[in-house]
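S.K.: Sequences are here, hints too, so could you generate the full structure?
Protein chains: 2
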Amino acid sequence: METASRPGLRERKKQRTRDALVRAALELFTANGYERTTVDEIVEAVDVSQRTFFRYFAGKEEAAFAVQTTVEAHFLEAVRRRPPHEAPSQALRQAVLANWDTIGETIESVVPIELHLRTFRLIESTPALLAVHLRRQEGLEEQLAQTIAEREGVDVDADPRPRVVVALFGGVMRLAGRAWGAGEDFSVAAMRELTTSYLDQMGPALATDWRTRDGEGSGRDGGHGRSGGDGRGDTE
Amino acid sequence: METASRPGLRERKKQRTRDALVRAALELFTANGYERTTVDEIVEAVDVSQRTFFRYFAGKEEAAFAVQTTVEAHFLEAVRRRPPHEAPSQALRQAVLANWDTIGETIESVVPIELHLRTFRLIESTPALLAVHLRRQEGLEEQLAQTIAEREGVDVDADPRPRVVVALFGGVMRLAGRAWGAGEDFSVAAMRELTTSYLDQMGPALATDWRTRDGEGSGRDGGHGRSGGDGRGDTE
DNA sequence: GAGGTTAGTGACAGCCGCTGACACTTGACA
DNA sequence: TGTCAAGTGTCAGCGGCTGTCACTAACCTC
Chain A
1 METASRPGLR ERKKQRTRDA LVRAALELFT ANGYERTTVD EIVEAVDVSQ
51 RTFFRYFAGK EEAAFAVQTT VEAHFLEAVR RRPPHEAPSQ ALRQAVLANW
101 DTIGETIESV VPIELHLRTF RLIESTPALL AVHLRRQEGL EEQLAQTIAE
151 REGVDVDADP RPRVVVALFG GVMRLAGRAW GAGEDFSVAA MRELTTSYLD
201 QMGPALATDW RTRDGEGSGR DGGHGRSGGD GRGDTE
Chain B
1 METASRPGLR ERKKQRTRDA LVRAALELFT ANGYERTTVD EIVEAVDVSQ
51 RTFFRYFAGK EEAAFAVQTT VEAHFLEAVR RRPPHEAPSQ ALRQAVLANW
101 DTIGETIESV VPIELHLRTF RLIESTPALL AVHLRRQEGL EEQLAQTIAE
151 REGVDVDADP RPRVVVALFG GVMRLAGRAW GAGEDFSVAA MRELTTSYLD
201 QMGPALATDW RTRDGEGSGR DGGHGRSGGD GRGDTE
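Heads up: the protein sequence lines correspond to chains A and B, in order.
So that you can map any letter, position 113 of the first sequence is 113 in our numbering, and since no number is skipped, the others follow by simple counting.
So that you can map any letter, position 167 of the second sequence is 167 in our numbering, and since no number is skipped, the others follow by simple counting.
Careful, some of the hints might be misleading.
As the list claims (entries may be wrong) - Here chain B is said to cover these stretches of chain A; the calculated rule only asks that three of the stretch's residues, wherever they fall, bring their Cβ under 8 Å from a Cβ of chain B:
no., stretch
1, 128–139
2, 168–175
3, 191–205
Unchecked claim - From the structure, some residues in chain B lie toward chain A, with a derived Cβ separation under 7 Å:
no., residue
4, R135
5, P160
6, G171
7, A190
8, W210
If you are wondering where the hints come from, they were derived from the structure by calculation, not from laboratory data.
Given the structure is predicted, the values throughout are model-derived calculations rather than measurements.
Even glycine gets a Cβ: it sits at the ideal position worked out from N, Cα and C.
M.R.: Shown next as structure tokens:
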């Protein structure tokens with residue numbers, strides 16, 4: 001129970017152990033698969049007892065999401081910092097875009113960014129982890145809804161719009177994330193493009209008639225029309 | 001008289017065992033909680049071996065979602081049956097509304113509908129089950145996107161709109177489901193109202209300024225739970 | 001209907017995730 | 001330097017889940 005100002009040796013040691021566990025876990029998960037990695041293997045790599053692992057993490061899953069937690073907090077803070085004159089949907093959009101520029105350093109302070117990217121793809125492709133990921137995102141969306149409601153001065157329980165706008169936004173961002181992980185360009189630039197591309201599709205997708213050009217610029221065709229800025233890759 | 005369509009004794013016995021397991025599992029889950037219910041308790045209630053349980057279900061979770069699977073298939077089929085002239089967002093809306101009328105019988109053929117409702121609330125309030133629920137919903141959304149793309153004659157991988165419209169729809173439906181489970185009126189009428197109410201908030205939530213009435217066609221509305229006109233009530 | 005085939009099951013052993021209990025080590029602080 | 005508490009290791013044990021194998025019962029053929 002130290003003051004938050006100075007870490008102290010004990011605290012530093014704890015942090016080091018925790019970081020080592022996260023790194024070892026992510027390394028092993030991405031190398032051999034999540035299910036095929038046992039907790040015993042992780043603790044052996046760090047040379048602590050299995051009991052210690054479960055004192056740091058509620059479960060094997062939690063170790064896999066350690067970095068995600070940091071990223072999410074970073075994004076939530078970015079939304080809170082948006083100027084209050086922005087509309088809710090705009091604030092969310094700008095926050096996520098601005099976030100891509102600074103998120104790198106935040107990640108790198110914990111693990112190599114390349115390891116984080118591999119972890120992200122692992123999560124998307126591992127059913128058990130994907131499930132947890134989606135639940136966590138719902139939790140984040142609830143916090144976002146509270147934030148938006150506060151910004152606009154409405155009651156989050158009486159007015160459905162905060163949760164609705166966040167749910168719409170979250171749904172589209174999931175698509176962008178999925179497309180990013182499934183593609184081959186893992187640069188920040190690619191993610192920015194996918195983000196704006198998908199967000200810009202919200203209007204057209206809700207249009208009453210997809211066959212006339214009342215929303216999408218490139219129009220459509222029956223076959224493999226490459227539409228607009230949608231730089232999606234394969235389907236695997 | 002045994003017709004060719006008749007399952008056969010072996011098959012019928014299997015179905016009976018499976019149904020018994022589902023009922024016992026849901027009964028125990030809702031009565032004592034998901035985590036606090038052991039597989040041994042379930043198999044004891046049906047008087048089979050634990051090994052048999054895991055031959056029917058990949059895990060304890062799968063038993064909890066047995067009825068949900070039926071409901072989802074039912075809804076997917078309802079979307080496929082919508083007249084092709086409807087816009088995608090309309091087809092989804094009408095399908096879910098029409099679905100509430102017939103879903104009761106579908107459920108009742110497996111377990112008492114009241115047990116299903118308790119199970120639904122259990123899922124929403126149990127983190128482990130909620131995570132699986134969300135992942136399953138994403139799977140359903142992918143199928144919906146394929147269906148929509150087919151209806152509109154577009155390539156689901158080249159045109160982002162099918163997945164976008166489904167993601168928007170799915171996100172809002174999750175909110176409606178959550179509100180339903182959290183409320184106190186578990187009637188079908190209540191769910192219909194919540195559904196239309198939330199769907200109608202999509203436009204207003206995306207409006208640039210929540211403080212003036214410039215939403216997409218519908219004026220803004222301060223509280224939810226409002227009733228009355230969903231406007232386009234043709235359920236066919 | 002006798003006999004062979006196969007699907008379904010039970011019994012057993014064992015791995016892995018996870019937890020409680022308790023004793024021991026070590027940093028913190030007087 | 002001694003006391004205290006945080007952090008850790010060890011051990012025992014439960015519950016979810018799987019592989020194996022022998023056994024039973026439904027199916028199929030003659």
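S.K.: Does each hint hold? Answer for all of them.
M.R.: Against the structure, the hints:
| no. | hint | in the structure |
| --- | --- | --- |
| 1 | 128–139 | holds (count 6) |
| 2 | 168–175 | holds (count 6) |
| 3 | 191–205 | holds (count 6) |
| 4 | R135 | holds (4 Å) |
| 5 | P160 | holds (5 Å) |
| 6 | G171 | holds (4 Å) |
| 7 | A190 | violated (15 Å) |
| 8 | W210 | holds (5 Å) |
Checked against the numbered hints above, the structure violates only hint 7.
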